[in-house]
Structures are given as C-alpha cells and as structure tokens.
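A.B. asks: Sequence:
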Amino acid sequence: MAHSTDPAAGPAITRSGEWWAGARALAPMLLGVVPFGLIYGVLAVNAGMPAWLACAMSAIVFGGASQMILTQLWTAGTPALVIAFTVAMVNLRHALYSATIAPSLAPLPRRWKALVAYLLTDEAFAAMTRRLGDTGPRARYRHWFYFGAGFSLWSSWQVSTLAGVLVGAQVPRDWPLDFFLPLTFIAIIVPNLKHRAQVAAALVATALAVACYAMPHKLGIMAAALGGIAAGMLLLGRDRHGHGAEAQRERREPAA
1 MAHSTDPAAG PAITRSGEWW AGARALAPML LGVVPFGLIY GVLAVNAGMP
51 AWLACAMSAI VFGGASQMIL TQLWTAGTPA LVIAFTVAMV NLRHALYSAT
101 IAPSLAPLPR RWKALVAYLL TDEAFAAMTR RLGDTGPRAR YRHWFYFGAG
151 FSLWSSWQVS TLAGVLVGAQ VPRDWPLDFF LPLTFIAIIV PNLKHRAQVA
201 AALVATALAV ACYAMPHKLG IMAAALGGIA AGMLLLGRDR HGHGAEAQRE
251 RREPAA
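First residue of the sequence shown: 1, per my numbering; consecutive thereafter.
Source of the hints: derived by calculation from the structure; they are not laboratory data.
A couple of the hints might just be wrong.
With beta-carbon atoms standing in for the labels, derived distance ranges [claimed, not checked]:
(1) Pro109 x Ala230: 25 to 33 Å
(2) Pro35 x His94: 17 to 25 Å
(3) Pro50 x Met233: 32 to 40 Å
We put the beta carbon where it would ideally sit given N, CA and C, even for glycine.
Based on the sequences and whatever the hints tell you, model everything.
C.D. replies: Here's what the structure looks like:
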C-alpha cells in the first residue's frame, strides 16, 4: 500500500486511510440522506414510475433534488424537454462545486476527474472542502478522501432508494407522502442561508413558486428557479460593487 510519511504530521498517510477519512467525514450527513432516499423511492413508485426506472435514476442522475422534481414532473405528465431543462437548471449549482475543487484535481488523470465529478453532490462537496487547503503528503492522496466521501453517499443513496421502492409498493397511494418533499428541502436549505444574496434568492424563488403554481407543465418551478438565481446574483453583484467602491474610497482618503 502506497503511503507518505511526515514526522510532523504523525501517522503515515495512506490511500485507504484517506478513503476512510472521507467516509467518516460524510457519515453524519447520512442521517438526512437516507430518509430522503426512502421518501424518493416511495414517491416514485406511487407516481407510477417503474421500479427499475426509479432505481436507475438514482444511479444515473444521482441527485436527490433533481430526482424529486423529476418525479413530480413525471406525475404531471410534463413533456420530456421541459423535464430535462428543469433538471438541468436545478443542477447548475454543481458547476460552482466543480469550479471550486477543479484546481485540486488538475494533476490527476481523466478517470479520476470523471469519478469525482460523478460522485459530486451537495453533501459530498461539503465534506470535500475540508481537504481543499491541504498541502504536502496529505494533498497527494486528497482524491482518495474525495472518493471515500462520495462513494459513501452514493452507496447509501442506492440502498435507501431501493428500500423506498420496495416499501412504496406496500404504501397506499392516498397517503400524502409528497407533503414531506417541501419539508425535506426546507430542512436542507434554511441552515445554509448565511448571506443576504442567499436569503434573497430563497425568498424570491418561494414567492414566484407560489405565484406561478397554476402554470402548466409545472413551469412555475422553472420560473421560480430562474427568478431566485437572478435575485441572488443581482444582490451579490451590488454587494461586491459596494465593497469595491468602499475600498477605493479608503485608498483615496489620506491616513490620519
């Protein structure tokens, strides 16, 4: 087993050690991921989606929010093109995640980049950021940490989805399980609203989702997503412009 040693860092740093470190970093987040997967599996089956397709979505799409929204659009009979575009809009945030970790993956071969990109999710990204600033021997096996975190989430998501699909066949269709969908999203989003731009994006998207609820083919979801993104970007741009102008004024003012 390849390893690196650093007397100042303590024990040897190995591939397997970093893999398990990533898995442990992700473990606390599974408390929210597993119930989410169960609910998705149940809702997918109750929406009339074939069991094999519900499980295949978890392996191919591998995105809780996207799969939940896709299930709702499937139930409403939304055209495939609208579904694809809506899911793409929801997943735009992954482009930001990729841009953040891309420098740490630059020296790696394409197979590693493809693997980490596939395993990149909200929770996995939160765990991966713990290794972005690593230097020295630990940085050499940083991608194994990413792999451990991502695979732990992936495997848990597949198992919980399968369990939800199997349980869903026994759950009466008139049970309002879709009520748990917005509650789950609220629990994920609200703790992460730490800046004005994020709060503005959430509030605008919420207002538009309610106002545009009656739009056909669930297009209100797309309108809410676009409106929230626009509001957040607008406020973020103003904040940056304000900070830049303030910094320029400070440079112009003579020192006391």
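A.B. asks: Would you mind marking each hint as holding or not holding in the structure?
C.D. replies: Outcome of the hint check:
1. The given range of 25 to 33 Å is broken by proline 109 and alanine 230, whose C-beta atoms sit roughly 38 Å from each other.
2. Evaluation of the 17 to 25 Å hint for proline 35 and histidine 94 yields a pass: the beta carbon distance comes to about 22 Å.
3. Distance hint check: the CB atoms of proline 50 and methionine 233 are about 39 Å apart, consistent with the given range 32 to 40 Å.
Violation of the numbered hints given earlier is confined to hint 1; every other hint is satisfied by the structure.
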